[in-house]
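Going letter by letter, the sequence shown gives residues -12 to 926 in this note's numbering.
The set of hints was computed from the structure by calculation and includes no laboratory data.
Predicted, not measured: the structure shown is a model, and the values here were computed from it.
Keep in mind that the hints are not guaranteed to be accurate.
What the hints assert, rightly or not - Here are the computed lysine-lysine pairs in the DSSO-like style, where the Cα-Cα straight-line distance is at most 27 Å:
#, residue 1, residue 2
1, 570, 559
2, 204, 93
3, 894, 830
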Amino acid sequence: MAPVLPRVGRRTVEALLAANAKDLGERSLVLVHGQYASGAPPRFTVTLDGEARRVHVRDEASVLGVVAALREHRSAAASSDVLVVTTGVDDEQLGWDVRGRAVRRKTLTVENAEVVLQRFGATALDPRMYRERWLLEALVEAEPAEGGWPRVGGVLTRDAALRVLSAERLGLRAVHGSSGEDGQVTLDADTLLAWSRTPAGPRRFAELGATERAELKKWLAEVAGPAVPVLLSLAEAGLGHDALPLGLLGAALRDPAAQPDTVLALGGLFGQVMPRRSELAVFTDAVEGILTRWIADARTSQDARQRVDAVLARADELADRAGLTLGLIASRFLPSSFTAQLRRTVAEARRSPSAGVAALADLLGHALAGLRPDQVQAAEAAVRVARRLNGPEPAVTGVAAAVRAHVSDWGWVDRALTVLWAGDPDGDVETGRDLRALYEQARERRQRLDQEFARRLAAWAAHATAQHPDGCLVVENVLDTVVRPLTGQAAPLLLVLDGMSSAVAAQLGEEAERDGWREIVPRPEAGETPARLAAVSMLPSITRVSRASLLVGEAAEGGQSAETSGFTAFWKRRRKAAALFHKAAIGGEAGHALSHELMTALASDAVVGVVLNTIDEALDNGRHGRGTTWSLADVTHLRELLAAARSYGRPVILVADHGHVLERGSRTDGPTAAADGAESARWRTGDVVGEGEIAVHGPRVREGGGAVVLPWREDIRYTGRRAGYHGGASLAEVTVPVLVLLPAGEEAPRDWVPLPRELSTPSWWRTQIGDVPESADVPADQPAVPSPARPTAPSESAPTTDARPAARSEAGPPVAESLGSTVVSSEVYAAQKEYVRKAPEAKVVAAVIDALVSAGGTMSPAALAAAISATGRVRRNIEGFVATVQRLLNVEGYPVLGFIDGGHAVKLDVPLLREQFLPKESAPETDDAEDGQREEEKA
């Protein structure tokens, strides 16, 4: 049997020509011992000594073939062309006639080591490489066509050779993000797992020789981690493209008690390459790690989102095919497990609010939670509504108390109900059924509330006036009661958001705080808690009468001209210039968001009012998408106006003229209630009052001759179907939310105090999921913040109510109330204080610690400022104060205290505080809550 000839490729030929370039000046024949690789180019051009020369390659197995090739070349080729003949014929058979015309007058032997040296421009090879024939052959064969191998200039090490060989053989340069800053391919598990999803990557590896595959697998395992052998084994078996999905399914064996059927099902998917359990665990961890990073990228990249979706959809498909879906219900990655956990969260919320909270925590831990905000929002709404329903049913004691309760509590229920009504975006039947059940339960309670409110409203309206509102803030008094007191420092900007309900105001207020605005309210009386302002609309609650009354400052009706003249006259009587802008006068010309006239007014000392119709227009025309949320960007011109107000130092008042109710799926496009005297969708005249209606009359009723019939049930309308309606007697329509905003950091006017997030948000809504144990089933009307007495010597400009949230038994250890004083009495604190000039008093620092512990470790800066003021000390620059306390508490740079949520909350790490300041031998045992907090933060 004839010996196997060495394979010769183009790169080998080029290396031989370069090594013998001097001899090619006299001779044009090169004889090479070997066989030219099939598929290699028979003709190509090389540069030798600065001259481009054409190369012709012939593979001949006999003497006659070699001679014929030489004759053809001499007769047809140019004089500068080079003929390379690869052959297995030895020199004695060829004879001197042929050999005399060849370079070196003999057949050249291919030495791969020499070729590699030449192709890398190396001075020497790693000695280990001479013993690895496969590696030298692979380096000769695999040299890139474009650019060749990188030039080394020194010793070519084995690792460097294997690195470039792996990148070329596997096609790793095609993997997005695989190259480091130096341009070299990064060889790690992430790169190789991403490579497995490339179209031809795994196939390229599978087509290599057995020896090369085994050696590359061994080396890559050393440099890229133990997950690589499993990945490359899957590629060898033709399963490389499914490596990531299979890795996710490997999580089914994390449970030591996994059933034999599960093991068999996974074995069927992996086939002959089924790894050992320990190897599969490592591979699964690596897969989950890269998917976690991909999912983070997918939040901002559509390409990354498509890549993630493809992997997860395939994993679900394989799981379903193998019958593994139920066994992977606790997976943090599969779409099917996310759906199952969403379904469980909503079902558990119906059964028990605390069970719903626990299930929601699991759902929020799912990797897809960040990519599916609508589903997460639905789950959170379900849990929040369940928590609210678990409390006692609210009672209506009067109109004033009712509108205040609506803007601070019941309106938040409306916000959640909007989400419940929209349902699960994926259309899961079970989830949708439970969401609808919670919605119906809450609506029944709200309907009883609206019925009682309507009865109270009718009795109140019979005698209420702007001069005698019976404890209410009425919409026509907002200018005088709320806006005018703010004119002392800087002229305010009044933004009238036509139709803004309390639910919408809650959303806009939250976002405004995140954007650097702080809500303020008039200082409450002693023993009372600061609360968001709410007014009562005119009746019926329609734009024509309610907005006109708001802007004129007295009971009125009319359109834009009446509003503009009345607004100007109101402020003129108070010796203030004023300007009011409606829709057509707000927008600017090309390149300008706001009109020149509006910007000029904002730059002046005039009180400026702007009417924004986006919300009211959405009620007429509907909104695109799910329509469950409102943001500042959704309201045309609102963000630009807030930015302008900030630049001119103006306080901002966000106020509605009335609220609204939403269309809830009636089956007819016509009226839902037939009645004579229908003047609008939600009010009419007449003497007969039907089911769900109430007759209202009085001096603030500006239509129907002072007497109208108003529906309090939201499903009654007298006109055609629209997205929403207003004019009726429900709380959502009559309540007018009023938000007064200052840029964060600016001092509140005299007799005004900050309204921190802890006070503007009901406790059942804001409770952090991770802080809620089984005792979460608390009465919904439990006060979120205690109402302590004023301090003995308050500052005139300081908040006089303690804005700390009530201590929750689950939020801190039994010694939480004394932790602050313990810390400031410690030796470590005394040592820290030596390095801080003008450190705050010990009692103030102790108050900060205790307030944060009582609040579960997190507070808004405004609430923390209120807690400090309760000590009799005022901190106007709370950010600077926190920075000082950080220097006291953050021993050796450890983050005991700091800002989170973009600076909108202050976080105290209680376990780390104990570790830094309390001697271990005397420190009490860390309770379960603190252990949980530490583990979560490590995770």
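Unmet hints by their number, sorted upward, for this structure: 2
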